[in-house]
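Q: So you can see what is in the structure, the chains are spelled out below.
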Amino acid sequence: MELRLDRLTKQYKQKLAVDRIDLELKCGVYGLLGANGAGKTTLMRMICDILEPSSGEIFCNGQNIREMGEEYRDLLGYLPQNFGYYQEFTAYKFLLYIASLKGLGKEQAAVRALYLLDMVGLADQKKRKIKTFSGGMKQRLGIAQAMLNEPKILILDEPTAGLDPKERVRFRNLISSFSKDKIVLLSTHIVSDVEYIADEILVMKEGRLIHRGAPEVVTREAKGLVWECKVDSRYADRYVEQYNVGNLKNAGDETILRIISDTKPCEEAVEAEPTLEDLYLYYFSEEESRQ
Amino acid sequence: MKEERKNKRNRRQEEEIRAFLKSAEQPEIDGERKRQTLELLRMERKWLHIRSRKPYIQRVLDQTAYLSPAVWLIQGALVLILGWSFCVGDRREILINLLLCAPIIGIVGFTEIMRSYRQSMWELEQACRYNLRQLMGMRLLIFGIVDSLVACGVTVMGFGAGIWASELLGFFFIPQILSDCVYLYLMARFRRRFQGITLLGAAVFMTLLWVTLLEGIAYDPQLRQRIADPFILALLLLACLGLLALCCVRFLKGVEAEYCGA
Amino acid sequence: MRDSELIKRIKQGETELLDVLIESHYDGIYRFCYYKLGDREAAYDCAQETFLHLLRYMDTYVEQKRFKAYLYRIAGNVCMDWFRKNSVQFAGEELLETIVREDSELKRVELSDEVLRALQVLSPVQRDVVILHFFYDFKLREIAQITNVPMSTVKSRLKQGMDKMKAYMERSR
Chain H
1 MELRLDRLTK QYKQKLAVDR IDLELKCGVY GLLGANGAGK TTLMRMICDI
51 LEPSSGEIFC NGQNIREMGE EYRDLLGYLP QNFGYYQEFT AYKFLLYIAS
101 LKGLGKEQAA VRALYLLDMV GLADQKKRKI KTFSGGMKQR LGIAQAMLNE
151 PKILILDEPT AGLDPKERVR FRNLISSFSK DKIVLLSTHI VSDVEYIADE
201 ILVMKEGRLI HRGAPEVVTR EAKGLVWECK VDSRYADRYV EQYNVGNLKN
251 AGDETILRII SDTKPCEEAV EAEPTLEDLY LYYFSEEESR Q
Chain W
1 MKEERKNKRN RRQEEEIRAF LKSAEQPEID GERKRQTLEL LRMERKWLHI
51 RSRKPYIQRV LDQTAYLSPA VWLIQGALVL ILGWSFCVGD RREILINLLL
101 CAPIIGIVGF TEIMRSYRQS MWELEQACRY NLRQLMGMRL LIFGIVDSLV
151 ACGVTVMGFG AGIWASELLG FFFIPQILSD CVYLYLMARF RRRFQGITLL
201 GAAVFMTLLW VTLLEGIAYD PQLRQRIADP FILALLLLAC LGLLALCCVR
251 FLKGVEAEYC GA
Chain X
1 MRDSELIKRI KQGETELLDV LIESHYDGIY RFCYYKLGDR EAAYDCAQET
51 FLHLLRYMDT YVEQKRFKAY LYRIAGNVCM DWFRKNSVQF AGEELLETIV
101 REDSELKRVE LSDEVLRALQ VLSPVQRDVV ILHFFYDFKL REIAQITNVP
151 MSTVKSRLKQ GMDKMKAYME RSR
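Residue numbers (our numbering), protein chains in the order written: chain H, 1 to 291; chain W, 1 to 262; chain X, 1 to 173.
Honestly, the hints are just simulated from the structure, not real lab data. Treat the hints with caution; some may be incorrect.
[To be verified] So, partial list: chain H residues that the calculated Cβ filter (under 7 Å) puts toward chain W:
#1 E70
#2 R73
#3 Y78
#4 G84
#5 Y115
All C-beta atoms, glycine included, are put in the ideal place defined by N, C-alpha and C.
Generate coordinates for the entire structure from the input sequences, incorporating the hints supplied.
A: The following block contains the structure:
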């Protein structure tokens, strides 16, 4: 399975949402990192053939996806960032409905629906109406529907939003086990979700792909930019205002700060080993503070 | 002149190169190697799995099962009201009931059709194999068939109650079809921002409009005679059906506009 | 039976017709790889790989009456991958010189015949266009589809390829 994006661009009246992205995706898990408004959702919508690009093409196994039409969507599984459900449907009926739109036969749909409900831990809730579900349960149902047609290309937009830590671990395991021979592209703010399962990280900023590589390689970008220092708790706020602080931990009279900065923030600061989270903050702290 | 000479020269060059290249001996193909490759490919081919398409009728029937039961109940209730009216009402009451029901029948179906937008499912459905446009088309077809059956029922009941064809056309079919056209226009216009209340407001407006129109016609004997001409009514009916088809196409094309990020 | 007819039936489940489809194109694909790579063994391997790719992608392939162009595009990509893996630098201008000197020594290139030597003078992309145009009589529009570049690029590559061929033919006379 191979997906190739060729100078993909989306221009809205006021904004260039995606700017000439060239990308080749082969089997594996790709984590798409970027702040809100970076163009992640727009990019994913174009890959799912929901949105027409302003220019550029997408090829799946050498064929233009627009020429492939239905056959391409047959390979896809998509979880949008925000979507409603048919609230009066039960979880099971909802999956059967989506399965019918995905072209599955009745028996096959029933088997897959039950299997996936079990996988995401909703087997007991299958007869309950979706309007009674919590946010986390709805999200799990969303992940289940994306996998109904055994997609070869799985696109998940913020899939872990609303999941508690236990559910997030379950989700990570689910994706890891699923991703053999498939392309999985998931976008997230929550760096730890992709740090351990992604084969490759794609960093997106203002519509462009600014960096890509294995998590360790991408993280190395932040080498020499991460510092840990202990400061008097009274002055901790000053540091927070002045610098990009990744983490803050109170230790009695002192506060341990993890600062991302090009220059050493204070005498006592010690260089720390960067994590992917630090890299994310390095690239996106301005955007985040603007939100 | 220069251009012609240049072209001639290019063509000659092409011919020379072609002759030179084709002078090459076709490389011989080792029969055994070829046979081995074909055998390997035959083995690989056996693992191929091609997912065939569900027939359209099957898909439409599948969709029917997922429509809201409330739709059938309300439409059934409307038909019952009309049926009861045909049985017990006098001519005037029947005609008023027909006129009132005509715009309402459409609301039920179209509100259901727009469910994908109202409940924010459109994005997910658009990414499915049988995507949003096909889905909308199927829903339109289902309600088209249902409305046609209702129309047949009303016709039979109407004739049974002594209502003329021209009255059925003027008090029911034409108002119903034109109301549907208005609803389709509104649906195409608002799409994602669509609310059920829009159709309700439109239905009220349409009802008032028909009542006013028909009162106007009732007081003008010449106009009444002309309109009551079966040929004119049939022409009007055809024109309305044509307009309805156009509105359906426009609505479905509007689904594609989502695709372009409009 | 025409390609589009075969594919239509294959997609409806008669997958054994794939054998017929493959056999009808095998010779052409082998020869394409041979002219492109200049090596018989590599050509057998690449031809096999091309059809394996075809099988792998068959369930997603959508017939648009351009099957031949699609197949040759796969073959072109497979050959490019072979070039990359075997880090072959195309001989190009240097070859033109060395041929004249008569003591050329080129690894991995089986120069069994005059035409093959001529083709090796071209860059891989020029070679593609020349082979597809002159051996297979593909139109420029089809070559643009196969190689996934604009028509203007195809025209300029063809012109450059023809100029180099002409130069080679003149020097070796």
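Q: Take the hints in turn and mark each one as holding or not.
A: Hint check results:
no., hint, verdict
1, E70, "5 Å, holds"
2, R73, "5 Å, holds"
3, Y78, "4 Å, holds"
4, G84, "3 Å, holds"
5, Y115, "18 Å, violated"
Hint compliance for this structure: hint 5 is the single one not met.
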